[in-house]
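The opening residue of the sequence shown carries number 1 in this note's numbering; numbering runs sequentially from there.
Please keep in mind that the hints were generated in silico from the structure rather than gathered at the bench.
With a Cα cut of at most 25 Å, we get these calculated BS3-like pairs of lysine-lysine:
(1) K180 - K7
(2) K7 - K160
(3) K97 - K22
(4) K13 - K97
(5) K180 - K13
(6) K141 - K97
(7) K193 - K180
(8) K274 - K299
(9) K141 - K89
(10) K293 - K268
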Amino acid sequence: MRFLDVKTDFAFKKVFGSEQSKPILISFLNALLDYHDGDEIADLTIIDPYQAPKILGMKDTYVDVKAVCANGSTVIIEMQVLNVEGFEKRVLYNAAKAYSTQLGKGEKYHLLNPVIALTLTDFVMFPDQSEVFSHYRLLEKQTLAHYSGDLELVFIELPKFTKELVDLVNISDKWVYFVKNAGSLDYVPDSLKTDPCIVDAFGIANQAGLTEEEMEAQEQRYDFLRIQRALHDERKAVEIKLIEAEEKRQAAEQKRQAAEERAVTAEKALLESKTNFARSLLDILDDTTIALKTGLTVKEVSALRQSVA
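Between the sequences and the hints, there should be enough to build the whole structure, so can you do that?
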């Protein structure tokens with residue numbers, strides 16, 4: 001068997017956003033979101049995920065899957081492969097848009113329901129953090145008191161997830177492993193067969209069940225991502241070279257400045273030595289002779305004599 005690479009938006013939408021995907025999506029969200037006992041999603045409706053504002057670096061913005069839960073809260077889910085400029089703004093924009101467009105004309109603010117933006121990335125988004133999961137809410141700056149739970153951003157950085165099949169301990173691990181590795185598997189691992197929703201997800205991702213149009217769409221997406229990755233790598237390489245060149249320039253400048261400072265210090269020390277020697281000769285020699293012996297000018301010796309007179 002061969003499975004779709006679930007990290008591509010086409011495959012991600014097919015697995016989690018198809019009409020038959022409701023049980024799969026419920027299991028996926030309950031596993032990955034920070035729900036307390038009794039608050040888990042029991043039912044949801046998968047709706048049209050398309051949203052189209054303009055953000056730097058993207059032709060348009062959209063979420064891969066959008067669902068409204070039985071309690072009224074909205075979850076928008078996106079799988080992002082490329083670390084494009086403006087992506088962090090895109091996530092926040094889509095969450096804010098989903099929150100702000102709930103109300104119709106004349107409706108009251110108390111009718112607003114929570115929005116959770118769940119974003120999975122195939123790149124490291126927060127290099128200063130080691131955790132795979134990051135969960136953001138509105139907090140008071142000093143006390144960290146919660147302002148509201150109505151807007152939440154949850155990130156899962158796949159490169160930070162390094163567990164192998166033998167290391168998977170819970171349903172959360174299994175779902176993250178599925179998203180990260182399904183495209184490289186040719187069978188359903190035994191440790192993942194214990195959850196029927198994950199088995200069903202593998203069934204949807206099975207390339208044998210794709211139509212000709214779906215296969216073509218997936219191949220086009222692969223080609224697009226390969227090209228974009230190559231361009232991204234080229235830009236990154238240029239940026240690294242520019243940074244390295246600037247670091248070398250700064251190092252050379254620092255070296256030059258240090259050499260100048262050493263030269264100035266040495267010159268001051270030499271002048272001080274000459275002056276001290278000249279001062280010791282003031283009582284026994286004339287200015288011209290002292291100048292010849294010390295290397296100072298006659299004018300400098302004369303000024304020194306006047307200063308100690």
